[in-house]
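Participant: Sequence:
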Amino acid sequence: MNDQFAITTGFRRRLLTAVAAVAAIALTFGLTASAEAKSLGKTTLKPNVATFEALSDLGVSVTPLKPAKAGKKGISFPITGAKLNKNLTGKIDHSGGLKFAGGGAKLAVKNFLVKIGKNKSFLYAYAGKAKVKLLSLDLSKAKLRNKGATVTNVKAALAKPGAQALSATFGADIPKGLPIGKVTVAFK
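Numbering (my numbering), first residue to last: -4 to 183.
Don't read these hints as lab results, they were simulated from the structure.
Warning: the hint list may mix true and false statements.
Stated by the list, open to error - Listed next, the in silico DSSO-like pairs over lysine-lysine satisfying Cα-Cα at most 30 Å (straight line): (1) K61 to K115; (2) K41 to K68; (3) K136 to K101; (4) K183 to K94.
Fair warning: this is a prediction, and the values are worked out from it, not measured in the lab.
Please put together the full structure from these sequences, using the hints given.
Facilitator: If you want it as structure tokens, here you go:
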């Protein structure tokens, strides 16, 4: 058990080191999180088909909010900033978002913020002025590609506050832990 934990911890350190290196390079060249700045890359969500079909069965549609875009590989959100500290924890900022709509109700979540913690990672979003913990992110099977500039196979599941927000909006019991899809983070 300890050997497995050591491997997982070592991989996590390499993953966070790669993300930190890419973020540091991008920030060194003066790229900022302003609307006028070039994107630092994109985060793409490949939706879990069963979950999105279940939402559709409830009459709920999910569409991207600009500048996010839907494409063949999923829904992409521009990365607008990244900052990691000496403990290799930190954040990745995004623009765009998602709109959930159906039955006259809607919930728009935007300006995603990925927080990479020591033991847990989450995606937060703004619903109006409220900051909501929308997704739990599982990095345990994440893979590095493109010399560490791309992280694949990050599993995303609905966090409890996100489930509560969707349930309240649409009058349905949407459970926490619902698989949302797989995430790929690709820095330029």
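Participant: Next, verify each hint and record whether it holds.
Facilitator: A quick look at each hint next to the structure:
1. K61 to K115: holds (28 Å)
2. K41 to K68: holds (6 Å)
3. K136 to K101: violated (33 Å)
4. K183 to K94: holds (27 Å)
Figure legend: structure checked against the earlier numbered hints; the only hint not met is number 3.
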